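Residue numbers (our numbering), protein chains in the order written: chain E, 305 to 669; chain F, 1110 to 1528; chain B, 1204 to 1698.
A few of these clues could be false.
[What the hints assert, rightly or not] Just a sample of chain B residues kept apart from chain E, beta carbon distances all over 12 Å, derived: (1) Arg1240; (2) Arg1252; (3) Glu1282; (4) Gln1350; (5) Leu1535; (6) Leu1602.
[Said to hold, decoys possible] Derived contacts from chain B toward chain E, CB cut-off under 10 Å, selection only: (7) Ala1272; (8) Leu1277; (9) Thr1300; (10) Ala1302; (11) Ala1327; (12) Gly1542; (13) Thr1546.
These aren't lab readings, by the way, just hints derived from the structure by calculation. Bear in mind that the values here come from a model prediction, so they are computed numbers and not experimental data. Just so it is clear, CB atoms sit at the ideal spot from N, CA and C, and this is done for glycine as well.
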Amino acid sequence: MTTLTSLKADDLPALLAGADLFASGASRDDLDGMRYWLSALLTERDPIRLVTPDELAPNALCASVCFVGSITALAELPMTGDEPHRVLQALENRLGAKLDAVVALDVASLNALMPVAAAALHGLPLVDCDGMGRVFPLIYQTSYELAGLPLAPLAAVGPTGDTFVLDTTSSERAERVLRATLNHSGGWMLTAMYPTTAAQLATAAIPGSISRAVTVGRALIDATDTDDLTSRLQASTGSRVLGIGRVVELEQRTRRATSGYPAYPSSIVVRTHSDPVRSIRLEAQNELLLALVDGAVTAAVPDIICLLDPNDGRVTGVESVTVGSEVLVLAIPPAPVWRTPQGLAMVGPRSFGFELRHPNEELRP
Amino acid sequence: MRIGARLSGHAVRGVLVDGTRVLAQASADGVRALGAVLNELGAMAPGAVQSVTLDISDVLLDAVRRPDLEPGGNPVGVLRVLPRPPQHPAVADHPSDLLRSFVRYRATVAGGHDLFGAPLAPLDQAKAVEAARAARELGLGALAVVATGAVGSPGHESAVAEAVLDAVPELQVSLSHEIGGIGLLMRETAAVLNAVLLSVAGQVVDRCERAIRRLGNVPCWFATSDGGRASAERLRALPVIGLEARAAMTLRGAAVRNEVKDAVMLIEDGDTYLIGEVRDGLPRVAPDLRGTLGLRLAAPQAVSTVVSTAAFHANRSRWLHGALGSPVSVIQNIELDLAAVGAASCEPTAWLDAVVHADSADELRARQRTMKERVLSMVVAGETPPGTERIIESSAVSLTYIPSGAYRLRVRAAAGTSP
Amino acid sequence: MNRSRIPEVLTVAELVHHGPLAKATLLAAVPLDAQVRFVRLISDLEQTRQCRPHTALVMHNPAAHGGWALESALRAAWERNAACVISPADTTVTPSTIALAERLKVPLFTVRTDPAEHALELAAAIASPGAGRAQLAARCATSISEQTSLRGIVGVINDELPGSAVALVGEDGAVLAGRAAAVGGQVSIAVPSVEGKPWARLVARVPVSSASAEETVTTILRLARASLAACAARPHLALARRGAQERLLLAALLSGQQDAETEIAAREHGWRFDQTTVAVVVRATARAAGVDPDVATAGMLASWFEVFGDQPLVPHGDGWATWWTSPDLTALQVQSILGSRLTKVTCALPLCAGVGEPATSPDGWRRSFREAGLAASVAAQSGAGAVEAFDALGPRVVLAVLSQRELLSAAETALHSLLSTADGDVLVQTLCAMLDCGGSTSQAATRLGVHRNTVSGRLERIRARGVEFDDPDYRLALHVAAFVLLGHRTAESPG
């Protein structure tokens, strides 16, 4: 993996492509407006400095910028362009201090772009790390949380122009309150949270996430065919192909919704083209959470499960899959922090309502 | 007995069809080409011709690609209705340079609704009228109006249209909710293209109707991008729906000629292959695809790939990836114009794409039923035999990352007898 | 019952056939021959990973929730060689899940009852497979005993064995009761009639081929045999009862003490004596297998009516009586009718007949019956099919009265010394012929068809045995003895 030190407009396509992969099925293809805006931002400015936590002063103040809510709502009601600046300002006002760097909460889908926009508009460096290594549906499912960093105070701005600042000691409550406001705020909000120092970030964050996204994105873009694509991905992420086939079933509300999570569960069944035929069953709720191949649990959250179009290598999101779509099912190992017992307790299958042991989980004595 | 014809440049290729049998074909070039083809086919018809369906997608695409030609696409203005004004020029604009090339004027006024129908800001109608006047002063003939949340709540767009048409009667207005789809930019693309094509479409439809009138009182239909057909009136108002008809009609015509209903179609057209799929005789379509112009449109269009014969034969399995299990039906598009055959056999279609709120599985089903009824009534408005309308596709997808209960519903329907 | 033949372990098929899975719905078309040794109620999918082979997995919420959990359970079942997976009916099962079950060949069921209850039922069933079978047998026995028709009995069996089709099939292959689908099935047991003769077969088709299911079905079918035979015998018994009534009626008429009631009864039976009546007595030839004539009547009646039309056949004495009534009837006419047709009557016993003299008065036809009886006795000695008319008998009628059975043993004693030799039969024949011819050796030789010297030699041997036929005191007795012995021998070898 190449460690980048700056981000230019030219890097954006690769960043987004990689970010799509790490979205674990929650990628979107309706972000044209955002890409256009980000490209303009980076073109009219100097490249953004990409730094590691060590390169900052130990007490440098950093905050994570994150888009929360529905991208469909965003497609219908776009950002005006001042949200990143306003949200950072609101947090700075609350903290009574200026921020020294911007961090990503996660580098998946749109959330790869938001910290970049914030860094560009606020004139700050961007830290090459994130708190998830992929996307999770709840804002506190982060390595920051595992390390004990407080989520609040947080600031949020939405399309209606309202700003809101929340103080709480409970990350769960923060998530719930924030989520509850979404439907009344136009469906999305840009947030700034987890104010912390560079020193704390050094131990709490998953390192190199931005660079990794760009590297993987380049592999996706440069690949000449499906085989080249899968081998490049395997080299850069340790991914494995679960199967290539056609979607034969797509059902909504196929299991009880796990309380506390947005949206509703759905299931996708892929019939592979292999001989003998295999059935890959994918369970989703916001992201792809579980993959069963002929009933055997082959990948489960926190593993990253994604769908690619085998014809052109593009990442296909769960929301754009239809019965008859051709897909390549890929599983990528998660960041190491998620393989620990604490990590699995927070984001393992059981925390998403699947009563089963993760395939890599060790048997408890 | 039906006639189907494809217009491309100055050429017209047509067929006379009885059910699935092609009885005759004709082609002509030049100014009176359509009239000539219609007369020839009409004369060969053993019985009365029930309808004439025309694929004018090439004409429409040409108007956009080569606006300098006559008749070409005209520059237009865009009016967005949003709660807050854009803070960066890139946000105010459209990502596609093709689309930008047609937009000579832009304005944003306050207003709009959220996905569940709650108003985000009161509509600034006065400012909308001001913007319309400014556009007209620039010599623009049409204005595309796009309000956020317009598909679920068309009120603001309709109010703008009324006020503008009152104040500036010569200005044609293209409303995004009449075309449909979720996504402001995508609807703007469609509304702008629509506005660009209004004048061209008007002229072409007039010409076609005149030529058909010589056959008698035969209804005039136009092929649409989703594999169906729309009335002349509808195409006059919404020309963008005919923009991608060719691929859909070609697939349909190929299926009719090869007498297949469910297959992967491989159509050889000179030195390229068109690869697509038909299900139950209808071409497989998807919404939000990038079309021939490289622009994403919400309206469903045929899922198809065009690949050079060389590339195809170099890696056949890559292109026919999905074909394992489905039969592959091969045909050459030489003798007969397959798109004309498809046009002759297509039926009216309609679709809806909207976001709804439902708290329980029962409520979700009720919403789906309502939407299905709406789409069915849309598809029968026309001269189709009653009782033939049916739902082709219906899906509900939960919107991610917002509290449970928000769904995007998509429904497609068709009417008339399937081949 | 042979205990060692009943297996101790049930298969999925048997649980479907007559166990708790009979109420479950099978979703996947897979073979059901897996053994079921254990039952496990699954509430956490981890439990499926630890189950023993041959376990029936019963899915219980929350493990049941969602197609993915079911697919995971199916996979675990395949890997651990579990017997089957049973899911609550409210779990939505999609076509892809069913396809997976079929690919993995794991039987997948859904049940409407509470999973915990169902698991208990399964556990009870597999804990004692014999108990289930015994219960089924007891239930069947009770239900069968309450039925009074063939259709009823076979219907009960079909109801108790919903998995199988059972039918009762006659010897000619015609289905007498039950489901035609059973014909050609794996199980077939014979059902003899009450007389022990082959009558029908019970056949069953068991859809899931398993030795144990066939065993169960065979057990149940055997229970039904006796009832079926008894049901079938009733029509026969009814016939026998009617025969007894007719016998009494005829006896009353012949006794001369009839009253108005008897005459009415006779008219109701269609019995006419108003014109010239010729009586006939039909009987078995002298020696026949020990078959009760009353039972034989039932077997004979159908055939009799077929051959002789409406002629009554009334049990009478050791045989049956019948009579012809018409104007100007002669005994010869009746004799010739009988002569040509009697052998066509199918009966377990060889038949012969005697014809009486025509009569026109009550006294006359009583006499006619007596004459017919005597003629029949003589006919009995001539062999099967013989028809003797009384007026042709002459003095021989006296011999007819001789009770053959009682005399035979005396005759055998009297001529014991001859019978104990190897050529005893020949000697008795020669003795009888000689006495028939009044002592003339040459006439006897002609009668027997041998040389005079042969007869002399045989007579010498007879004298040597101490049989003194020259003595007038013994001559008649010896003649009678020889006559009786010869008649017996003739009866035993039908001419």
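| Hint check against the structure, violated hint numbers in rising order | Checked against the structure, the hints that fail are numbers 2, 3, 11, 12 and 13, while the rest are satisfied.
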